[in-house]
Amino acid sequence: MTAIHPLKQAQIHATPVGVGLRHEHYSAALLPSSHSVDFVEIHAENFFAEGGAASRLLDQIAERYKVSIHGTAMGLGSAKGIQPEYLKKFTRLVNRVNPVLVSDHACFTWGNIDDMPVHAGDLLPLKFNHATMNVLADNIDRVQQALGRQLLIENIVSYKQFSPSDYSEAEFLATVAEKTQCGLLVDLNNVLVNYHNFTNGNALQLARQWLRHMPVNAVKEIHLAGSTPVEPGMLIIDDHAQPVSDECWQLFDDATARFPNAATLIEWDNDLPSWPRLLYEANKARCRQAMTTELMA
Amino acid sequence: MSGGNISVMDYQSQFLNEIYHVDSTLGDKGLQVYQNNLHMTAMLSLTVTYPVLAQMVGEQAMFVLSHRLLRAELPESGDWADWGQQLPALIRNSELNAEHPYLVDIAQFEWVFHLASRSQFHALNSASLQRLADEALEQTFITLQPSLKYLRSSYPVHGLWRLHRSQTEQEVPSRQQLENVMNHQETGCYVIAQGAHNTNIVEVYEDEFNWLRGISDGLSVAALLDIFPAFDFAAWIASAIQRDWITHLE
Chain P
1 MTAIHPLKQA QIHATPVGVG LRHEHYSAAL LPSSHSVDFV EIHAENFFAE GGAASRLLDQ
61 IAERYKVSIH GTAMGLGSAK GIQPEYLKKF TRLVNRVNPV LVSDHACFTW GNIDDMPVHA
121 GDLLPLKFNH ATMNVLADNI DRVQQALGRQ LLIENIVSYK QFSPSDYSEA EFLATVAEKT
181 QCGLLVDLNN VLVNYHNFTN GNALQLARQW LRHMPVNAVK EIHLAGSTPV EPGMLIIDDH
241 AQPVSDECWQ LFDDATARFP NAATLIEWDN DLPSWPRLLY EANKARCRQA MTTELMA
Chain G
1 MSGGNISVMD YQSQFLNEIY HVDSTLGDKG LQVYQNNLHM TAMLSLTVTY PVLAQMVGEQ
61 AMFVLSHRLL RAELPESGDW ADWGQQLPAL IRNSELNAEH PYLVDIAQFE WVFHLASRSQ
121 FHALNSASLQ RLADEALEQT FITLQPSLKY LRSSYPVHGL WRLHRSQTEQ EVPSRQQLEN
181 VMNHQETGCY VIAQGAHNTN IVEVYEDEFN WLRGISDGLS VAALLDIFPA FDFAAWIASA
241 IQRDWITHLE
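Those protein sequence lines, which keep their order, are chains P and G.
Everything in the first sequence is counted per this note's numbering, starting at 1 for the first residue and increasing by one.
Everything in the second sequence is counted per this note's numbering, starting at 1 for the first residue and increasing by one.
Quick caveat, the hints were computed from the structure, so don't treat them as lab data.
Mixed in with the good hints there might be a few duds.
Within a straight-line C-alpha distance of at most 25 angstroms, the following computed DSS-like cross-link-like pairs (lysine-lysine) qualify [as the list claims (entries may be wrong)]:
1) P:Lys88 x P:Lys66
2) P:Lys284 x P:Lys66
3) G:Lys29 x P:Lys160
4) P:Lys220 x P:Lys284
5) P:Lys89 x G:Lys149
6) P:Lys66 x P:Lys220
Distance windows between CB atoms, simulated [unchecked claim]:
7) G:Gly195 x P:Leu206: 49 to 57 angstroms
8) G:Glu59 x P:Leu147: 36 to 44 angstroms
9) P:Gln181 x G:Glu250: 42 to 50 angstroms
10) P:Gln60 x G:Glu203: 30 to 38 angstroms
11) G:Ala61 x P:Met234: 24 to 32 angstroms
12) G:Gln120 x P:Leu147: 47 to 55 angstroms
13) G:Glu59 x P:Leu31: 48 to 56 angstroms
14) P:Ser34 x G:Asp232: 49 to 57 angstroms
15) P:Ser34 x G:Leu44: 20 to 28 angstroms
Under 10 angstroms between C-beta atoms, here's a sample of chain G residues computed to sit facing chain P [as the list claims (entries may be wrong)]:
16) Gly27
17) Asp28
18) Gly30
19) Ala42
20) Ser77
21) Trp80
22) Asp82
23) Gln177
24) Glu179
25) Val181
For glycine and all other residues, C-beta sits at the position ideal for the given N, C-alpha and C.
Please build the complete structure, drawing on both the sequences and the hints.
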């Protein structure tokens, strides 16, 4: 690792690196001896309870770390709209924590079955057409109005392939950012997994092209994650159960160069490593950022 | 999915319907992924909400129960912690009930605890206690913690709950430990409420249980004392305050 010039250090500090804080790490992360990170990301729904242990824990986390709130259930592309009670809870949480970033996904989650409202419990893919664009933009507007701040929208993994539509995924995200002034959260592993699952080309090359469609100023955060390898012919599942892959690190170098001001987050949700091991991954991201910055300088 | 002309709402509801209701085992790999995700998430969330039940019946049974529950109770709030209320009823109508009839009560106990443990605690308005001195008891009403719930069981559910909660997830209580709990006499009346520091479970006797029901039914202190003339109100209110059960008098 090359020594970093102090001026560069200041620039690095301006692009924070965080980790996803999950249940298994709460104790370790709150130990006085724990090394710190620039921020931690919590899943909003885990802290919707009005009282009890989760609520007290949130106070401790917010006292120790800068917090990013990541929704996993808002379903911003749902034609049924975002349920008022959900938005109320989400807004209450955001107002309470005053997070550094707030994000959710370009997906749908709510719909009807036999005229009964239902939540998918998953991030379901949108069709990238004009009608869906209008739904997504309206919902993002509504949430940003409710929150009184910018929301970041993340690209998801889709396990369904659709026939060509009005936009590519990258165009769709860029357009919605322009229409609503929302920010973008680019999940690099999701881009790679989609290309691995549904194309025969070089996933890394395709993902690099995908990144070039992203408006530089709109991308405010990058997610890094790893997925469990699968047998040929099987779909890779976005399980966040592995270290960041080499391929994803390579794509990160490109993303860092293109979006030098975007925050970075290591996501690891299943088969979790130790807390120090997770922080090591964050440091690795920091080092790669620094090397890219050095090269660009 | 097919048809470029179907509305966004139709496409989304159709897709949801496929995930919840269509048998994908022979075909669509993508649909299988969404269905597997749904079933695994449902099982995990049910295990978080019902940890004691999960220890008692094991992972396989929880998977089957969560699968069946998805047909009976659709998740709709976007927060999995809100899902699972109908599990006790589902167990009552399942094959588990014949051999293990206490499971229904355990599930009911855990659901009530789950709700209370996520509720906001309301501190006592001490000034309102002055009503006992200043106002007629006919015009004085006790307000309990909103999270406070009471329930009955003919099984030693509190002992079973404590025994399993004291084990790690992988540990199973010994036969001797279970026999000790089953042979221990409990009152059969339980009060669960959010406290200032913890969610509290208190075993109470029949008279206190009925007293609390009277409060919840909206009876004034005077009316309660008419119905329960032998009840030691002075001792109870001191104890209820200590237990964080009361928010104010009005």
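Distance restraint evaluation - Gln120 (chain G), Leu147 (chain P), Cβ atoms, bounds 47 to 55 angstroms: violated (22 angstroms)
**Report entry** Evaluation of the interface hint that places Gly30 (chain G) against chain P, nearest CB under 10 angstroms
**Finding:** holds (4 angstroms)
inquiry  = Is 24 to 32 angstroms respected by the C-beta to C-beta distance linking Ala61 (chain G) and Met234 (chain P)?
reply    = holds (28 angstroms)
**OP:** Indicate whether the distance between the beta carbons of Glu59 (chain G) and Leu147 (chain P) respects the range 36 to 44 angstroms.
**Re:** holds (39 angstroms)
Hinted pair Lys66 (chain P) and Lys220 (chain P), Cα distance within 25 angstroms
holds (16 angstroms)
Under 10 angstroms, Cβ to Cβ, is where Gly27 (chain G) needs to be relative to chain P, so tell me if that hint holds or is violated.
Violated - the Cβ of Gly27 (chain G) stays beyond 10 angstroms from chain P, reaching only about 13 angstroms at its closest.
Exercise. Quick one, are Lys88 (chain P) and Lys66 (chain P) close enough, alpha carbons at most 25 angstroms?
Worked result: holds (22 angstroms)
- Message: The hint names Asp28 (chain G) as touching chain P; please verify it with the least Cβ-Cβ distance against 10 angstroms.
- Response: Given a least distance of 8 angstroms, the restraint on Asp28 (chain G) holds.
Taking 10 angstroms as the limit, does the beta-carbon of Ala42 (chain G) come near enough to a beta-carbon in chain P?
-> Nearest chain P Cβ about 7 angstroms off; hint holds.
Starting from the hint 42 to 50 angstroms, judge whether the C-beta atoms of Gln181 (chain P) and Glu250 (chain G) obey it.
holds (48 angstroms)
Check: Do the beta carbons of Ser34 (chain P) and Leu44 (chain G) sit within 20 to 28 angstroms of each other?
Finding: This hint holds: roughly 26 angstroms between Cβ atoms.
ask   = Hey, Lys89 (chain P) versus Lys149 (chain G), does the alpha-carbon distance stay inside 25 angstroms?
value = This hinted pair holds, its Cα atoms lying about 23 angstroms apart.
Violation of the numbered hints given earlier is confined to hints 12, 13, 16, 23, 24 and 25; the remaining hints are satisfied by the structure.
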